Every structure is written in structure tokens, then in C-alpha cells.
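Novice: The listed protein sequences correspond, in order, to chains A, B, C and D. Read in our numbering, the first sequence has 213 at position 213, and its numbers run on one by one without any break. Read in our numbering, the second sequence has 1115 at position 115, and its numbers run on one by one without any break. Read in our numbering, the third sequence has 2287 at position 287, and its numbers run on one by one without any break. Read in our numbering, the fourth sequence has 3336 at position 336, and its numbers run on one by one without any break.
If you are wondering where the hints come from, they were derived from the structure by calculation, not from laboratory data. Remember, predicted model here, so these are calculated numbers, not experimental data. The beta carbon of each residue, even a glycine, is placed where N, CA and C say it ideally should be. Just to be clear, a hint being listed does not mean it is correct.
[As the list claims (entries may be wrong)] What follows is a list of derived Cβ distance ranges for each label pair:
no. : chain 1 : residue 1 : chain 2 : residue 2 : range
1   : D       : Glu3188   : B       : Glu1121   : 38 to 44 Å
2   : B       : Pro1076   : C       : Ala2108   : 49 to 55 Å
3   : B       : Glu1089   : C       : Gly2257   : 55 to 61 Å
[What the hints assert, rightly or not] Coverage of chain D stretches by chain A, computed from C-beta distances (three or more under 8 Å per stretch; other residues unrestricted):
no. : region
4   : 3169 to 3182
5   : 3192 to 3201
6   : 3227 to 3235
7   : 3242 to 3256
8   : 3274 to 3288
9   : 3293 to 3299
Number of protein chains: 4
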Amino acid sequence: MIKAGIVGGTGYTGVELLRLLAKHPDVKLEAITSRSDAGTKVSEMFPSLRGRVDIEFVQPAPEILAGCDVVFFATPNGIAMKEAKMLLEAGVRVIDLAADFRIRDVSAWEKWYGMKHASPELLEEAIYGLPEVNREAISKARLVANPGCYPTAVQLGFLPLIEEGLVDVDHLIADAKSGVSGAGKKAETGFLFSEASDNFKAYGVSGHRHLPEIRQGLSLAAKKEVGLTFVPHLTPLIRGIHATLYARLAADADLQGIFEERYRDEPFVDVMPMGSHPETRSVRGANLCRLAVHRPQGSDTVVVLSVIDNLVKGAAGQAVQNMNIMFGFQEQTGIDIVPILP
Amino acid sequence: MIKAGIVGGTGYTGVELLRLLAKHPDVKLEAITSRSDAGTKVSEMFPSLRGRVDIEFVQPAPEILAGCDVVFFATPNGIAMKEAKMLLEAGVRVIDLAADFRIRDVSAWEKWYGMKHASPELLEEAIYGLPEVNREAISKARLVANPGCYPTAVQLGFLPLIEEGLVDVDHLIADAKSGVSGAGKKAETGFLFSEASDNFKAYGVSGHRHLPEIRQGLSLAAKKEVGLTFVPHLTPLIRGIHATLYARLAADADLQGIFEERYRDEPFVDVMPMGSHPETRSVRGANLCRLAVHRPQGSDTVVVLSVIDNLVKGAAGQAVQNMNIMFGFQEQTGIDIVPILP
Amino acid sequence: MIKAGIVGGTGYTGVELLRLLAKHPDVKLEAITSRSDAGTKVSEMFPSLRGRVDIEFVQPAPEILAGCDVVFFATPNGIAMKEAKMLLEAGVRVIDLAADFRIRDVSAWEKWYGMKHASPELLEEAIYGLPEVNREAISKARLVANPGCYPTAVQLGFLPLIEEGLVDVDHLIADAKSGVSGAGKKAETGFLFSEASDNFKAYGVSGHRHLPEIRQGLSLAAKKEVGLTFVPHLTPLIRGIHATLYARLAADADLQGIFEERYRDEPFVDVMPMGSHPETRSVRGANLCRLAVHRPQGSDTVVVLSVIDNLVKGAAGQAVQNMNIMFGFQEQTGIDIVPILP
Amino acid sequence: MIKAGIVGGTGYTGVELLRLLAKHPDVKLEAITSRSDAGTKVSEMFPSLRGRVDIEFVQPAPEILAGCDVVFFATPNGIAMKEAKMLLEAGVRVIDLAADFRIRDVSAWEKWYGMKHASPELLEEAIYGLPEVNREAISKARLVANPGCYPTAVQLGFLPLIEEGLVDVDHLIADAKSGVSGAGKKAETGFLFSEASDNFKAYGVSGHRHLPEIRQGLSLAAKKEVGLTFVPHLTPLIRGIHATLYARLAADADLQGIFEERYRDEPFVDVMPMGSHPETRSVRGANLCRLAVHRPQGSDTVVVLSVIDNLVKGAAGQAVQNMNIMFGFQEQTGIDIVPILP
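Start from the sequences and build out the full structure, keeping to the hints where you can.
Specialist: Shown next as C-alpha cells:
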């Protein structure tokens, strides 16, 4: 039984972490902090947790968190980079669900995130927490950078093709669609029900913060800089990301076989039969990426469809998966959830 | 470990039963039958169950079902009444999620359901499976009539008031709103996304089949015939029922205390603080009824708000709860699910 | 051709007024003001108006508005009461879409709206702009208080019963459901897509600001204080209100005939055949209230179903209807819109 | 004043045609036919049309339709090809909203639509009714093939680039997302609210019937066979198509200038400023295509965003636009509708 703390748990990744940790047999939730809501019972803010989580939000207090075995940062970008160091020095292992430690190139990070990095010296140590790529390193990591939601869906879809050198990596296209919970729980006009419902739009076409993160991961796999056009869209779902990936084949190959082989032992990636159409709801609430490969009309363009629940495999679920790996628990523990459908 | 069978599991109560039983530690799913889809893998029809349920739908076969300890009927009305008898005689315990055994008055049942009852002799034995009323009888029952979704929400909301004789039972009003999954998975124009989305309407105001079921339960509690106006509405949710209940107070009382006392030991009923507004999403995916009592403006009209997930506490979850009671399992086993929010 | 001004047109009633006035043949939109968005083109904030409305938001400037024939206040509560007087003195006719002039009893208004009224002397002059009740007075009014959305739906549904003395007015019940646009365009967490979608809840059960407004209108019709329990709910629609009204019959009568007779000459009230179920989408985008009367199971409880589009007959459309009456235009001008379905 | 008939008006394109024609000043709706619903009042099936359309559906009767000036086929594929000929011979002009006359290559049509074409001799005469390409020919046409919804959005987005020879036409990508009304009003399980709501998926990736139609139009513009990967998706909107188009630049150019120039005189195409993100709701209910051009990160990949309302510019609105052109009416007549937002 390890002791876990959560910093900043009032958003959607926070409540999702709570949902998962509340039933995790090896974890005791020691503390959850919130500057603005200290003193409020967690179950008052999230009635879904009545009878499940009995603690209150507390003021961020180093001494409390320092007594934990693991601390999750479910904070906005720019918090973990200031507070992780102290915790690491106290022997706490840290999983950051925000973007502070995802990009290895400090200047790129600072450009895309519009602030100075507070702990550039930690970037080298931080492990990018995509278990399907870095499981071994994660198991030993002190500091894990939990991947973004789009980057999870897009990388898992492209990796088998790129690792095998099958596609032209200079002109990759990722057309991705996200449910609205990806924008978090901030009160912003654009995410009101009356604005986002019965509506579909692209956004950030000129450049989205997940672009450099995806590009970094794919370039590592390609062993060269990749060229990527990434167009995110907002679609009226609460949860779910659907990435439609396009690449031009440089060589012929058994695409289905390659995907199945790549993910044969992965408990949280499901390669569907060739030509399938994975639906976002088929992973709703679950820590799972479902993939399907297509080669429409037999042309030289391969299409990969990749779906995740952005709050689970795209955030809190993957964070618990990383924790399980870090502490040597069975990897499915606490996240072995059957998707809820309909 | 008991062996369970499901008859007719291709609808929403079927897939929900599968979601719950797939993780129930004391149950082995022996067979699931479907006339129209025999031979299809369950996980092909419901990709959410890929890797979870590996069996195929099979033709209804008495000998297979007769070897089960319990059989769930997740069929349309009118099937269980024909097939339950044979199973009971074979020593199988039966839980009917349809309406065949819910109404004790055969002629009333035949009027509302528009068909002749095939096993009127079983009606006396059948136990109405609302554990908060009939737990003891359920534990010994061979045949359980699992309550309807509206009846569950409405009865749990009205019972404390009626049992204590606090309200005028001649003029009860239940204004109930249901998500669209309550209509099942039948292909009907009125439940198409383009019809039911961004729309709200009442239906069946002149008389809905759940009216006699609710009236029967409330009349038993009142020990006299109650008068009830029941108006169901269709609202653009997938899951969820919200019942808004109105009654005129005949006597003054500590309403909140009475509700809390009534449900003190109930694992699946949550009485919120006086004046709360339970949301349907706060029970999404969970076997739970949340209630709140109001007395607006101090008038003599009491308002009770009652929410359930129609597919869980209103159907499959309650069926598993009944099974747990029947077989002496710990009542929460397999249905101790944290609601999914957002 | 009259000149119209809009104060505070950046919200949903504002954009809806613009949609309607943009095509009104007798109105020239002279100015639209906004403190926060002065200098922004209207069509930049509302791309739906590109090519339709070419002006910019301007700072509120008395001299511009004073040159208008009519000024609409599409502002939060508490603005019109400060600014209407000056305009009235300049000979401008004023239609307030907020609540400042709806309640005749100053102290009641101040209690419910939590502020001191700035122009109590105007309350007597202000005409409550429900044309189906006050058409004659509206035609001569300088100052019209445009009704609230719930009050429009509830009053139109109850009025025929109350005016004819057919029901017990001490125990009226209005169970009302509103789409989310009724909450306006303010950025508040509770109205985010991820909060309000796939969810249903009651709110303000202990007391909603529209309660005294409805009670005032019904009491005038009843010629005595009525008793009303009003429970509003939030439902995942963008537009639409569905009011389900309950009353106990004090006398027998031809209910359908009374409703049809009452609204025979009303261009914007449609009495459907007895037993119908009006849907909110059947009035989407249109200035229309559809009603249906029920007497379920022949009991002494009458049920009236009433639907409107909260932004049209519940706000901007009714405001234009009032303007048409005030200026002697044909009443349907500019608001003779066919509902959009699906 | 011309006389119009509608064949098969019980679906969504039918009710949308009725909404538009009900207010068209130059058109008298003479008859609307339906085999299954003859005798039903139109306003009973579509309560939104109560008080607007007073006629009944009638049995298809050649003599009635032959007396019309124009007949719209709002039927499933395969009907117009059988019935158009007789009407044309009677001097009636025909607009087919289905696909019967869209593809000039009979064998391609028969392959994709899975039936034998009943009037191949009419294919040469039929004009493809995309006014932005064929306005002149439409004005003289007897028989107009109204374009599909996806083809309208995709062609309008790609045409300026292809006509100017700016892109590699061998590898075009159209990633398109459609609201559910595009699937029509047929009762099919997959389009139920409980299936299509809160869900996102691709479909028909291996080949969709709109692919040959789009390819034909783009190839005509390119003056050579184009290569196109077309991936349609289903998104939980009622109305709306969002096409995200990708092409590789073969030459440098003032992309924004080219789009603005191409559509300068088009009343129903709106080129937004470079870098804009058109939303589907910004054209909801209106006969309009809004476009925006992007060149993300300055790469050689151009991205075009194109939105329409699939039932208006993608179906009934474009049909009325074609009718206006055919009969010499002012092109905006009856379809000069301001989009409804929110």
C-alpha cells in the first residue's frame, strides 16, 4: 500500500484520478490540494464521489506531500516545474499530468508554452510516460511526464508504420477530433454547452502545443525529424479522441500483421481487424487505445484510425498505468475497467 | 462461483448485464442467447467488450439454460412468461428484467401490455425485486420481477413519505424525465439522433405502462389505492432518469430525518442534504439512487428529486443486486462502481 | 422605417435580436452598444451574421441612442432601470428584455433581485409585454417589460384555466425544463458542455426569480393571490422550454374548447389537438408557443404542456412582436419564421 | 408564380424543401407525394409546419406532377431515374436531390449504387447542379442533378486550388465530418440517439458513394484524373458538414487572394479571412458554404476548412438555388436565411 498525493485535483484529470484511485487496492489517497478550494469536501465538489472519497481539499503543504510515495500533478502547465524538485529531493516519485516535462528541448518548450522553464535541469531525467515506448525506463523513473491526450492517440497510431520505415515521414497528416473535456473545467465562453453543442470546428490549425510533443515522439521513432501537419478539431462529445492518420507508403507490407505484432503484449492497445472503424464510445471510461488500419481503394495512402478516452488513456488512466509500472504493481491494477456503452 | 445465462442479450440491458457480470468474481457467464444473432461473437456486436467477453450468442436452447444457477431475461415483454416455468422446474432461479411478472393483477397486466399472460400461476410466487422493500423475500425467491426504471426512481422517492402517512396519497404527481436508452435499441424513427437530440417532449401522458406498476407499489405502502398522475418525458441524455415528485403534506414532520432514517442501511440509496439538486450524471454507470427533499417556500407541497441510471439501478445493476441477495453474495459485489463524471 | 438601437448585444438575446432585425423590413439597426467589445465588428463576434450586420459595437453613448425610435435593452438585470429614463425623456420607446420592470411590487423586486431599484417611479408606467394579455396597452406603451422565458411558457399554459375559474389556484404546479441558452453566454463552470451535456438536474427549487413574475401574472388573471410550486430544470438542449403544468379541476368543462377559444386570434400561440405532445424542436427558431391539454386517466388533474423557444417567444422574438405592436406594424413582420426541424 | 411538386417528401430533405418553399414568394406547392403516407397531413408528420403547409401527402400520380413547372425528387436513390423521363416529356423541369443523375459514367454509377440505371440516355443531358461551376448550364437545364452534401463541401474547398493548378492532384485528402441528419430519417440502429450521441467514428473508409462524385468534379477541374483519399466521419450534430482538406502545394501563390477572387460574386460562398476556423453552426439553417485557407507552419501542405449545412447548401437549399437559376428568379429568393446561432 503506497501513499499518494494529488496536487490541484479540482479539474477533470483530478476527478478522474480520484475515480480510479478510489478503487485501487494498493493505493491510499493521502492528500489532495487546491489553493482555491481548500476546506471543501471532495465529494461536495464532485457528488459522484459521495461515499467514495471522504477527504477535503487542503492547502498545498510541502510537508504533507513529502510524506507520500507518489505525487500526481493535475495542475495547469507551469506548476509542476516549480514544485517537483523539492518532492524529488524528499524521495517522492512524481507524475506530471501537465506538459512541463514532456519536451526535451527547453527553448522549444518555452516558445510553445510562453513561459520560462523553472527546472530545465530536470528535463533530462524526466521520462516520457508512454508505456508502449518507454516501459523499462518508466519502471525506474523518479519523474514521469505523462503524455498529452492527442499525442497518445497519434503516436500509438503512427508508431508501427514509422518504426518499420514504411512511410514517407516528411508529410504525415494527423486529423484529430477531441471531446470538450479535453479543454478542462475552466469557465471559458467557447466551451459553454450553447457554444460547443451541435457544432463542429477546427482550432489551432496554425500551431497547437501538442504538435512539438507529437513531432518529438515520432522523430525519435523515425530517427530523423518528421514533417507533420496536425489539425485538431472540437466535437460535441464529453470524452473521446479520434485521430485519423494519413501517410504515404514508401514500401509495401503486411500492415495488419505489423500492427498486431507491435502491440501483441500491450494490455491497453487493441488492434482491431483490418478495415474496422473504432468508435470513441468503445473505450469510454477505459484505459484503452483501439486502432484500425485501412488502405482505401488500394492506393498508396495508408489511413490509421485511433481512439482513446482523453481523460483515461489520454490522462489519468495512463498516469495510474505509469504508477503501476513505477511501483511494480500488476500493470492493470485499478484500471482494468470495462468501457461503458451505450 | 455460480453459472449464469442471459436470454436475449442484444439490447441495452443485455450489454449492461455483460459489462457487470464480466467483472463479477462469483459468476461465470455460461451462455447468452439470441434468435437473430446466434453465431455472432458478443464482442463483435459490442466492441466495448472486446477482450472481456469471448463467447458467441447462441440459439435459445433449454438444455444449456437449464444447467445454469440463474437466468436473466433481458428480452422484450412477453418472453419470460413463456419460458420461465420450464427453467424454474429445472431448479434454475430466474430474474426477469422485462415486465412479465411485475403486476400481480393479471387482468390489469393484460390490459396494459395488450397480450394474454402465459403463466398467471407464477404471478403469486414472483417477488418484486426492489431490495429496499423486499430484500428478505428476494433472498428466498425463485422468480424475481426486476422493477422498471421509472418505477424504481419514483417509488424510492415517494416511499418514505407514504410509509409514514405524511402526504395526501390521492393526488400524487410524478413528473419524470428519461434518457433515450430507456427506449431500448430498437430501430424506431422517434429515437433517431436527429429526432431526439436537441429536443424535449412529454409522451404517454394519457397512460404509460409504468403507471400501474408504480401505483401498485405505492398502494402497498399506503395500504390503500393511491391516486397518481405520472407524466414521462424524453430528454437528450443517453442514460439517466430524473423524477420530480410532488405531494401535499397532510402532517408536519422532519422530512430530512425521515428520509435519512428510511435509507440508513441501504448501500445503493444516497439521501443528499436537504435542498440539494441531484444530477443524473452523479450516478452515471453506477447502481445508485440519489434523493433530495425540498419544501419550497415553506408551503405545504413537498418536492422530492430522485435520480438513477436507468440501465443500472433501473435495470441491469438492480438485477445483479437481486442476484447477489438471492445467492447470499455480499450485496455490493460486482456493482460497487464509481460513477463516471464528467 | 424606424431606427432601432440595442444596448448590450453581445449575449444570446442580443444575437437573436440581430438575426431578427437584420431581416425586418421596417427597421434600420442604428447602433449596438457594448462596453467591453466596443470597436469589434458584430460579425466578428457572431460569424453567423457575416454579410448581414456590418456595424461595430460602440461604447454606450446617450446621444446615439437618443436618436433612435426604439431601444432594446439586452443587458443583465439592473442596467435598464438606470438608463431607460433618459431615453424615455428623449422620446425614445424602450423595450427591456431583462427583468427590471417586470415586477410591480418594488420591495418584492428588490428582494428577489438583490439590489435597490433605480427607477421605481417607472414601474407603474411599464407595461408587461405579454401580447396575449396586454396587446392594447402595449400598443400605447413607452416602456415595455419583456417577459421572462419561463413566465411566458407557464402563463400562456395556465391562463385559459385560471381566467375561466376552472382550477384550484392555491396549489398550481409548474415543472419546467429549459435549454442551456437560457443561462446566457456568461462563462460559468456549470454551463460548460462537459457539465451540462448528458446530464439533467433541477435547480433553484427553493426559489427562482421567475417565480414572483409568474405568480404576479397568474394572480392578476385569478383576481386573487395564487399558490404556485415552480421547479425549473436544466436539460441538454441549446434552445427550448417545456413547461408541464398541473392543476386540480374545480369544475368540469370543455378544456380543449376553452383553450382554442382563448387563443383563436393569436398569431403566435398554437393550440394542438387534445392529447398531443408538443416538442420543443417544433418551435425551434420561431416566435411561437405550442400548447396541448391533457386529462390523464380522466382524473381531476389537468395537465397542460407548453413549449417555446426561450430565445424567440421567450425573449428576442417577443420583443420584436412588442415593437411591431408599439409601432403599428403588422404583428408578424420579421418574425414570421418557419421552425427549423430537424 | 410557378407550380412545384415534391416526390417523396417524408424525409429530411423533404421537410427542409417544405420549410423553404413555404416562404418562397414565386412558388406554389402543388403536390407532395408519398406512397406510405398518402392521406396524412404534412403538418401532422412535421408539427413544425402546422399553419404553414396545409396539404396532405398524396399517392404518386403522374397527372398531378405533370401539371407542375418543376418537380423535386426527394426520394431514395433509384426512383428519379425511373420517373423523370415521363415528366421531362410532359415539359416539367426536374431537380433530383438523390444521386441518380450525378455520375456521367453509367458503369461507375451502377457499380457504386448497386443497381442497373433505368435511364442512361438522360445522363448526358443532366446538369450537375453546383451553381458555382455550372450556373449557365443550370439556367437552361431540363434536368438537374443536385450534388451530394459531402461533394458540395469538398469541391467548393478544393476547386480554387485545382483550377489554378497549384496542388499535386494525385494525392488529395478529404477528411470530412457529417452530422447525423445526413443519414436521413430511416430507422436504423446505428443512428439512434443512444448510439450516435457522445460518440465519434469514421465509416466507409474503404469506399463511400460520394467518392466517385467528388472525383468526377475535381477531375473535370483538373482536366485529368485526380487521386483522392476520402474519409467520412459521423459526429454528434444534427446538421452540418465540416470538410478538412489537405493538398501538397506544387507552386507558391497568394492562396487567400485566389479563393477570394474565385468566389467574389458567389452569393452563397463566404471566404473568411486567412487562418479562420469556420464553425458548422455559423451556417446552420442557411444556404451557405464558409471556407478558410491555412498553411500551417509555413509548410508545403495547404489546409482548407469548408463548412455547410448538409440539409441546405448540401441538399434542399441548393435545390431551391438551382430552381431559382432555372426559372430566372433572383438567386437568393426564398433562401436568404440568416443562420440560427446559438
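Novice: Decide, hint by hint, whether the structure agrees.
Specialist: Hints and how they fare:
Against the hinted window of 38 to 44 Å, the Cβ-Cβ separation of Glu3188 of chain D and Glu1121 of chain B comes to about 41 Å, which satisfies the hint. Checked against the hint of 49 to 55 Å, the pair Pro1076 of chain B and Ala2108 of chain C passes, with Cβ atoms roughly 54 Å apart. The beta-carbon spacing between Glu1089 of chain B and Gly2257 of chain C, approximately 58 Å, falls within the hinted interval of 55 to 61 Å. Taking a C-beta to C-beta cut-off of 8 Å, the region 3169 to 3182 of chain D contributes 5 residues in contact with chain A, enough for the three needed, and the coverage statement holds.
Counting residues of the region 3192 to 3201 of chain D whose beta-carbon sits less than 8 Å from any beta-carbon of chain A gives 6, enough to reach three: the coverage restraint holds. Evaluation of the coverage hint for the region 3227 to 3235 of chain D: fulfilled, as 6 residues show C-beta separations to chain A shorter than 8 Å, against a requirement of three. Coverage of the region 3242 to 3256 of chain D by chain A holds [criterion: at least 3 residues with CB-CB distance below 8 Å; count 4]. Three residues within the 8 Å Cβ limit are the bar, and the region 3274 to 3288 of chain D against chain A gives 7, so the coverage statement holds.
With 4 residues bearing a CB less than 8 Å from a CB of chain A, the region 3293 to 3299 of chain D meets the requirement of three and the coverage assertion stands.
Violated hints for the displayed structure: none, as all numbered hints are satisfied.
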